[in-house]
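A.B. asks: Sequence:
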Amino acid sequence: MARLLPGTRALRTLEAAARHLNFTRAADELGLTPAAVSHQIKEIEDQLGIVLFTRTSRTIRLTEAGAVLFEASTDALDLLGRAVSRAHKLARGTALLKVTLDAQFATKWLMRRVDDFRKQRPGIELRFDIASELRDFDLDDVDVGIRFGAGKYPGLCTHRLFDNIIIPVCSPSLLASGPPLREPRDLFRHTLAHIEWARQGVTWPNWRMWMAAAGVDDFDDSRTIVFGTSTDAVQAALDGNAVALADFAMVANDLSEGRLIRPFELGIKVPPDFAYHLVYPVAFANDPRIVAFRDWLLNEVHNPQPDPSLG
Numbered sequence: 001m002a003r004l005l006p007g008t009r010a011l012r013t014l015e016a017a018a019r020h021l022n023f024t025r026a027a028d029e030l031g032l033t034p035a036a037v038s039h040q041i042k043e044i045e046d047q048l049g050i051v052l053f054t055r056t057s058r059t060i061r062l063t064e065a066g067a068v069l070f071e072a073s074t075d076a077l078d079l080l081g082r083a084v085s086r087a088h089k090l091a092r093g094t095a096l097l098k099v100t101l102d103a104q105f106a107t108k109w110l111m112r113r114v115d116d117f118r119k120q121r122p123g124i125e126l127r128f129d130i131a132s133e134l135r136d137f138d139l140d141d142v143d144v145g146i147r148f149g150a151g152k153y154p155g156l157c158t159h160r161l162f163d164n165i166i167i168p169v170c171s172p173s174l175l176a177s178g179p180p181l182r183e184p185r186d187l188f189r190h191t192l193a194h195i196e197w198a199r200q201g202v203t204w205p206n207w208r209m210w211m212a213a214a215g216v217d218d219f220d221d222s223r224t225i226v227f228g229t230s231t232d233a234v235q236a237a238l239d240g241n242a243v244a245l246a247d248f249a250m251v252a253n254d255l256s257e258g259r260l261i262r263p264f265e266l267g268i269k270v271p272p273d274f275a276y277h278l279v280y281p282v283a284f285a286n287d288p289r290i291v292a293f294r295d296w297l298l299n300e301v302h303n304p305q306p307d308p309s310l311g
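Residue numbers are given in my numbering: position 280 of the sequence shown equals residue 280, and the series is strictly consecutive.
Be careful, since some hints might not be right.
In the DSS-like style, the derived pairs of lysine-lysine whose C-alpha atoms are separated by at most 25 Å in a straight line are [claimed, not checked]:
(1) Lys-98 with Lys-152
(2) Lys-119 with Lys-98
(3) Lys-269 with Lys-152
No wet-lab data here; the hints were simulated from the structure.
Hey, can you work out the whole structure from these sequences and the hints?
C.D. replies: Right, dumping it as structure tokens:
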């Protein structure tokens, strides 16, 4: 006997209508009219012989049966999305590897090295998904990720890349035209840039913390500017507008090529629970594309680099 099951489009309509409890908002999400949403819900109810919503002049509510079907439709759509994503990855073969990562790691570290991977592995095409939010490997069409965090990702293989050492940096032009920087207190005469970031009780090093490590206990933060991202703070330093606190690994090339300088050697280590990690699903741990990228990346991050002084 054939099952009386709503189609995928009907399930998407039901799920959106039940989640919003509003046909107009569901219609906006789905690109339909409210009347079309209402009509599709009525078709599902007629097909199943079940009332899914109670309607008043202003509101709709799920019936008990509707709540059961809403939960099932959500699970079914998630399951189907994961299956489609995995099918794409399996069908892709060895030609394409999609990497998700944030803009700072991409522009300040990876892009400067990626040509080497392409020379070593000409049969693998890299494609980058630049995103600040974390992608879902089950739902999003990505293969591997580079994430900053505590490294605790259930169901994923995790490889710590490197520690994060926060150092002061500025442009040569700032030192040439501005007040000299001979000791930490001289920084009081400059604009100081940093970011504010805290997670799980861990605070990203800021200027007050750096000054304390430098033995300055009367720091006045009135000259500090807080940026939303490290990339923006570093850009302020590159433009000659501020002395910025920056992640050593992310500015190592700017330092070696003379775009930035370190007025002081002191660095502060980010608490060890937080670092950049390479991650990918356990189910794809033996995928030749992922193995090749993993081995290359880990070799790159373990190449000797100058070790910044720590406070």
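A.B. asks: For each hint, tell me whether it holds in the structure or not.
C.D. replies: A quick look at each hint next to the structure:
no. : hint                 : result
1   : Lys-98 with Lys-152  : 22 Å, holds
2   : Lys-119 with Lys-98  : 17 Å, holds
3   : Lys-269 with Lys-152 : 20 Å, holds
The structure fails none of the hints (numbered hints given earlier).
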